[in-house]
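*Asks:* Listed below, chain by chain, are the residues.
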Amino acid sequence: MTTFNFKNVYVKSESVIVGNTEKDGPFGDLFEDYSRDPYFGKSSFELGEIEMTRLAISKCLQKGKIKQADVAYGTDLMNQLTCHYLASELNCSFTGLYGACSGSALVIGHGAMMLEYGSVHNVLCFASSHAQTAERQFRYPNEYGIQKKECSTTTVTACGAVVLSNEFSDLKITSFTMGKVIDWQFKDVHDMGKAMVPAAYQTMMDHFYDTKRTFDDYDLVLTGDLGKIGYAMLSEMMEKERFQLHQKLNDCGILIYDINHQDVYCGGSGCGCSMAVLLTHVFSKLRTKEMKRVLLVATGCLHNVFLTQQNQSIPVVAHAICIERS
Amino acid sequence: MDQKMIRELSKRHQIPQKKLKNSGIAFLSGGVLSVIAQLLNEGLRQNFSDENAVILVILILIGGAAVLTGLGIYDQLAKFAGAGLFVPITGFSNALSSSAMECRKEGLIYGIGSNMFKLAGSVITYGIVSAIIFSFISYGVSLL
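Protein chains in written order, with this note's numbering: chain A, 395 to 720; chain B, 214 to 357.
Note that these hints are calculated values from the structure, not bench results. Cβ atoms here follow ideal geometry from the backbone N, Cα and C, with glycine treated the same way. Take these hints with a grain of salt, some might be off.
[Claimed, not checked] Some, not all, of what chain B presents toward chain A, calculated at C-beta under 7 Å: (1) Ile228; (2) Tyr287; (3) Ala291; (4) Lys292; (5) Ser311.
Chain A on its own, in the form it takes in the complex (with noise of 0.2 Å):
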C-alpha cells in the first residue's frame, strides 16, 4: 500500500509566477504574475529563481490571509535546493524535499500528510523551477550554440506555492501515492520525457491498485512533464492494458506551452511546470465545475550528472495527488 488518504486536507490559496515564455503559452492569463526579464530583477539567474519564489510565497500567503505557515516544503530543480535561502525568511519549520520534476506533488503529498497525520494547522507547500538555471547546471551555458535534439524538453521558468489547511474550501486533496523509484537502463539524458514513461505508469497503476479507481473515475489525469513523446508512449502502455482512455490522459508539458507555435521541442519540464499547471488551469476547471476529480502524476528523472557521464543509467520515479471538488 503505497497511497495516503486524507480526509482532512483542503487549498487555502495558492499563486503561481512565471517567466516569459510560460506567459505568451495558452495559461498566460490564469498565472498571478509575471517576469519578462529572466533575472526578475537581480544580479543573476539563481538569485533570480530565489526572487520568483520569494514572490509567489508571499502573494499566496497574502490571499491565505495567514502571516506565516507552520510548516514549509519546497523543491527546485539546483543543487542542495535553492529554496533554502529562502527558508529562514518563512520563520517556520522548513523542509527541503528533492525529487526532480516530481517534486510539485512530492510537497504537496507530504504536506498533506503533515497536516493529517500532524497537528498544524497550514502547510505551505511550494515548487519553482527556471529554465536558465537549470540549462546551465544539467546541459550547457545558456548562450553556447548548440542543436538541441529534437527529443529534448525545454524547462519551465515558474513557481507555483499553495497554502493547504484543514479549514473547509472549495478544493481538497484526497491522496497521495508515493511513487517507486524505477531504473529501466534508460540512459539518453536528452530524452527525459521517454525516461520518465515506466515511473509514470507505475505510479498510476499503484495508485488505480491501491484506490480501486480506473480512468473512468477521474475526469482528468494529468502527467507532469514527459512532451510528447513520453506521451505518446505512455498512452500506447496504458491502451494496452486495455485501459480506455477517452481523451482522459493528458500531460502538463504539453499544456503550459503552444508547442506548435512556440519553440520549445518536445514541451515543457520541470517541477514549475507541474505545478503552475496544477494551480491554475485544473484548479479552475475544478472550481467552474467543469471537473470533479483529477489525478496529477509529477514524473522526475533523479539522475546525477557525473553519474551519467560515468555511462550509468537514470533513476524515475512520479508521485500521484488527486484533487476532488469539495
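Place chain B on chain A using the hints.
*Replies:* The following block gives chain B in isolation, referenced to the frame of chain A:
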C-alpha cells in the same frame, strides 16, 4: 512491468532526427561563412601582407562570434546553422565566451578563470597531445 517490452516500445517512439536537412544547412552556412572570410581576406590583402591578412581574418571571426554571443544572437544562429558555425573557429570562440559569460557572477578566479575552458578545454588538451604525437612521428619520418 517487463523491461524488454518497454525497451521495444521505446524504440518505436523516436522522433526522427533531421540529419539530412541539418547537414544541408550546415554545408551551405559553413560555405557562406567561408566565402565571407575569403572576401575579407582579399580585402585585407590590399593593405597587409598575405600572412597577416590570414591572421586578421581569424581574429575578426573570433571577435565577431564573441560579440554575437554576448548580444545573445549567436545561439540563435547556431541553432539554425549547426556544424556550419560549430566547426569553424567561431564555435571555439562561442564555447569560450559563453562559458565565461555564464560564470561571471562567481568572480574572476573561481568563475571566469576556472570555468572559461570548461567546454573548450578538451579541444586544447587533445590539440596539445596530438601535436606532441605528430611531432614525434614527423621527426621519425625525417630521420629515415
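*Asks:* Could you tell me which of the hints above the structure violates, numbers in ascending order?
*Replies:* none
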